[in-house]
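There are 2 protein chains.
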Amino acid sequence: MKKISELVKERPWVGWALYVVTILVVFGLGVLGSSIIERRQESNQIIQNVKPISDWEPNNEKWGENYPREYETYLSTLDTSFASKHGGSKNIDMLEKYPDLVVLWAGYAFSRDYNQGRGHYYAIRDIRKTLRTDVPQPATCWACKSTDVPRVINQKGAGEFYKSQWKDLGSEIVNPIGCQDCHDPKTMNLRITRPALIEAFERQGKDIKNSTHQEMRSLVCAQCHVEYYFKGKTEKYLTFPWDKGFTVEDMEKYYDEVGHVDFVHALSKTPIVKAQHPDYELFKMGIHNERGVSCAECHMPYKSDGGVKFTDHKIQSPLNNISNSCQVCHRESEDNLRKNVYDRQDKVLELSDLATKSLVKVHIEAKTAWDNGATEEQMKPILKLIRNAQWRWDFVAASHGGSFHAPLECARILGNAVQKSEEARMLLTSVLISLGVKVPVQIPDITTKEKAQIYIGLDMEELKRKKAEFLTNEVPVWDRTAEERGSKVNYDMKNK
Amino acid sequence: MKKISELVKERPWVGWALYVVTILVVFGLGVLGSSIIERRQESNQIIQNVKPISDWEPNNEKWGENYPREYETYLSTLDTSFASKHGGSKNIDMLEKYPDLVVLWAGYAFSRDYNQGRGHYYAIRDIRKTLRTDVPQPATCWACKSTDVPRVINQKGAGEFYKSQWKDLGSEIVNPIGCQDCHDPKTMNLRITRPALIEAFERQGKDIKNSTHQEMRSLVCAQCHVEYYFKGKTEKYLTFPWDKGFTVEDMEKYYDEVGHVDFVHALSKTPIVKAQHPDYELFKMGIHNERGVSCAECHMPYKSDGGVKFTDHKIQSPLNNISNSCQVCHRESEDNLRKNVYDRQDKVLELSDLATKSLVKVHIEAKTAWDNGATEEQMKPILKLIRNAQWRWDFVAASHGGSFHAPLECARILGNAVQKSEEARMLLTSVLISLGVKVPVQIPDITTKEKAQIYIGLDMEELKRKKAEFLTNEVPVWDRTAEERGSKVNYDMKNK
Chain A
1 MKKISELVKE
11 RPWVGWALYV
21 VTILVVFGLG
31 VLGSSIIERR
41 QESNQIIQNV
51 KPISDWEPNN
61 EKWGENYPRE
71 YETYLSTLDT
81 SFASKHGGSK
91 NIDMLEKYPD
101 LVVLWAGYAF
111 SRDYNQGRGH
121 YYAIRDIRKT
131 LRTDVPQPAT
141 CWACKSTDVP
151 RVINQKGAGE
161 FYKSQWKDLG
171 SEIVNPIGCQ
181 DCHDPKTMNL
191 RITRPALIEA
201 FERQGKDIKN
211 STHQEMRSLV
221 CAQCHVEYYF
231 KGKTEKYLTF
241 PWDKGFTVED
251 MEKYYDEVGH
261 VDFVHALSKT
271 PIVKAQHPDY
281 ELFKMGIHNE
291 RGVSCAECHM
301 PYKSDGGVKF
311 TDHKIQSPLN
321 NISNSCQVCH
331 RESEDNLRKN
341 VYDRQDKVLE
351 LSDLATKSLV
361 KVHIEAKTAW
371 DNGATEEQMK
381 PILKLIRNAQ
391 WRWDFVAASH
401 GGSFHAPLEC
411 ARILGNAVQK
421 SEEARMLLTS
431 VLISLGVKVP
441 VQIPDITTKE
451 KAQIYIGLDM
461 EELKRKKAEF
471 LTNEVPVWDR
481 TAEERGSKVN
491 YDMKNK
Chain B
1 MKKISELVKE
11 RPWVGWALYV
21 VTILVVFGLG
31 VLGSSIIERR
41 QESNQIIQNV
51 KPISDWEPNN
61 EKWGENYPRE
71 YETYLSTLDT
81 SFASKHGGSK
91 NIDMLEKYPD
101 LVVLWAGYAF
111 SRDYNQGRGH
121 YYAIRDIRKT
131 LRTDVPQPAT
141 CWACKSTDVP
151 RVINQKGAGE
161 FYKSQWKDLG
171 SEIVNPIGCQ
181 DCHDPKTMNL
191 RITRPALIEA
201 FERQGKDIKN
211 STHQEMRSLV
221 CAQCHVEYYF
231 KGKTEKYLTF
241 PWDKGFTVED
251 MEKYYDEVGH
261 VDFVHALSKT
271 PIVKAQHPDY
281 ELFKMGIHNE
291 RGVSCAECHM
301 PYKSDGGVKF
311 TDHKIQSPLN
321 NISNSCQVCH
331 RESEDNLRKN
341 VYDRQDKVLE
351 LSDLATKSLV
361 KVHIEAKTAW
371 DNGATEEQMK
381 PILKLIRNAQ
391 WRWDFVAASH
401 GGSFHAPLEC
411 ARILGNAVQK
421 SEEARMLLTS
431 VLISLGVKVP
441 VQIPDITTKE
451 KAQIYIGLDM
461 EELKRKKAEF
471 LTNEVPVWDR
481 TAEERGSKVN
491 YDMKNK
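Sequences listed follow chains A and B, in order. The C-terminal residue of the first sequence carries number 496 in the numbering used here, and the numbering is unbroken. The C-terminal residue of the second sequence carries number 496 in the numbering used here, and the numbering is unbroken.
If you are wondering where the hints come from, they were derived from the structure by calculation, not from laboratory data. Be a bit skeptical, because a hint or two may be false.
Identical chains share a label here; the pair holds if one copy fits it or two copies do between them.
To be verified - Taking lysine-lysine pairs in the DSBU-like style, the calculated list, with each CA pair at most 35 Å apart, reads:
id: 1; residue 1: Lys269; residue 2: Lys357
id: 2; residue 1: Lys339; residue 2: Lys384
id: 3; residue 1: Lys231; residue 2: Lys303
id: 4; residue 1: Lys244; residue 2: Lys357
id: 5; residue 1: Lys339; residue 2: Lys186
id: 6; residue 1: Lys466; residue 2: Lys438
id: 7; residue 1: Lys339; residue 2: Lys209
id: 8; residue 1: Lys367; residue 2: Lys284
id: 9; residue 1: Lys357; residue 2: Lys3
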């Protein structure tokens, strides 16, 4: 200090300079400190303001009072403008877009009505409205639709829950997919609430509780976004067919061994296994999973609001949020990244179309063979090939995002589907000729959803009438009962 | 300085400390300067020591005197230990490994003999030894094998070159693929020496001279690693079928329009287009090309030797050099990266196998139909499907590395191949039944290369005898003539 004081004595401007620098530094530190304190306060406010949430609380709004940012973004799963930009409708009618599907699912409720999936908030509204729930369905169909499910399963036990009728639980299950499905209300830690996933792990000798946080950021999604079936004629116990592995062949082996059949095809009489969105399984076979990326990374990226960093609960296609999802790792333009995704999807779709076209023909050709007196023995190897082919095609077609998550695996599966379906057609050719049928068999006009539905014998007017009746007479009773129990029902069933 | 001198007076150790620090810094600067000068010198030596190389100089050794590092690495293309590690042999016999190929190429020289490609240095040795060159071949077959080709084309003109017989140029074409194929001897810039590529660009209205250096690092490879055909019955003019585009469908349209047929299949009588390693085309459809990576980046990565950074001319699979190729961009372990490549290749191979198996059957079934009196009219739509299917299968099968460069595009192509081949089998079923043939047609035993070659009617002993005669009597004359002209012949034809 002696040196500096000497210096200042000799050159007084040095003293002033030191003075000004000190002021600037202190001011800067002040601003920084204030910002840190402010951010701390915001974070603390969140923690201090929380009101306790009771266990199995199904009402998302109540959770929203504690976590307004997460709740607000969750609410925006109501926004379907992205899908409408790319599909031209608020809720794409897949049967209208691809009438061939009506034929492929003939004999199953999906041939009546199948819309593109949309935001979690629509779950209850959409399951009540679909024509698929007019067929007597077990309560198992509710399993992935609502935060009320863990609550009721906790009361009744899973076995009793699954055994009930879908309609019998209409007044209990009223809150759409939400907070409680994935979070522990006390700690807000991620939590598995669906027994099927826990049990699938157990049967493989694994304890799901040993999963890391990063694994949990995918596993909470894997409670529902998986291949599953309803086990047992009356039990309808929700089960994941993972015991032999994750590939399409592994699960086929499982289903064949337990002799599972989802429906007998109305035209070809094939005992079909309907695939149910094996999203997690296909994701696990893709490069993003191999690089340690979780579902949440891309579908729920981090977001900043003032001093708070939180997870965006508007779960959606990352293509609608490229800058926050893809571009965190990929230093490419949005246009390039989008093109890369579409290129992959287009190639997989081309193979899917090949399989679809072939399967439509084979079902109709098989029906013609039956109609002309084919025997069980003649048809057996053919129906096996059709079952195997349709399972493969559906595994890809039913998955959400499979053509992005694991495009090459999808292509591999579809190539095998095409081969099996075409081989079945070849075998059918000789059966048909032996029965005196002229080949090729004429394919009827099934170029629109309506025509295809008439061809497979559906009375759509009657089905729609019944649905309207149900929505007018039964659903309001459900809602009233739920409101009396204290569950507020927020959605307007009249809206699309 | 006054302050420091005062300080030193008060505390003498400060002076010593300053002295030591100065010594260390000056020493460090000295070392750095010396290293820079040394590196400069090494680089300058390269430039100063070069002896002029005459234009069209085919002798790689002469270039090697100027560029010993590049030459030394080029020479190590002789090393086939990587292929042997993964295939079990120094020069994998593909027909032995996949006897089905014999049937698919029945009627074409590839059914006699087809070994896995190996290092550039083997080019002359391998083309002389293969049984494929016993069939009278045009000189066009030399086009990609030697640095003598640009020299002779420069003398004769391309048209005259291609019109000659392969055997007539045996004494002219003796130096294997090397320096001059890609480099200008004066500037060492990359240079296109093959007219076919320049002409393909011209027909698309592009001037290849406008290519960037980075594009040239792929285009020099695209002189040979492409799909091509010999245009004209006698002209045999080397031509790339790119006029309508790069996809398998674009090139098929081109071939169909010009009515090109490489061979008529000996069993099914299908007019086949044989695909010729469309490596560049498939690479262009893959993600590495989309991200601006060139062939050289991975197949000829940079290398350091003392002060000199140069391009590794041991052109090889990047899997044999992961740390210098893949890991420059991908921060993953070697094991992970290798697994990622193998996973892709396995899936594509599975689809390729499906197509192979189906095509083998369809050729044999078609032969059975002909043998039993099928008419041209009955067979026409079937042969069209077989032509289309085999072209697609071969496009992938013949490409080097296509299953890595563009795995999904390969899968798309193969899925279509399977569909077309199986559809042909379905149509054949009704033709066969109409001719009174019992279906399914029995497939003969073609489980080894020898059995398959006997089945398609090849007298392999006779072919091998003729080849041995040729190697003993004619080839030494070629070499003597070449040596008299001043071209040293380095390779020993007795070695494998």
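Going down the list of hints, with the structure as the test:
Both within a single protomer and between protomers do Lys269 and Lys357 lie at most 35 Å apart by alpha-carbon distance, with minima of 18 Å and 29 Å respectively. In this homomeric assembly, Lys339 and Lys384 come within 35 Å of each other (Cα to Cα) only across copies, at 34 Å, whereas the closest approach inside a single copy is 39 Å. Within a single copy, Lys231 and Lys303 get their C-alpha atoms no closer than 41 Å, and across copies no closer than 61 Å, so neither meets the 35 Å cut-off. In this homomeric assembly, Lys244 and Lys357 come within 35 Å of each other (Cα to Cα) both inside a single copy, at 31 Å, and across copies, at 28 Å.
In this homomeric assembly, Lys339 and Lys186 never come within 35 Å of each other (Cα to Cα): the closest approach is 43 Å inside a single copy and 43 Å across copies. In this homomeric assembly, Lys466 and Lys438 never come within 35 Å of each other (Cα to Cα): the closest approach is 41 Å inside a single copy and 53 Å across copies. Proximity of Lys339 and Lys209 under a CA criterion of 35 Å is satisfied inter-copy only: 29 Å between copies versus 39 Å inside one chain copy. For a Cα distance limit of 35 Å, the shortest separation of Lys367 from Lys284 qualifies neither inside one copy, at 38 Å, nor across copies, at 45 Å.
Taking identical chains as interchangeable, the C-alpha atoms of Lys357 and Lys3 are never at most 35 Å apart, the minima being 91 Å within one chain and 92 Å between chains.
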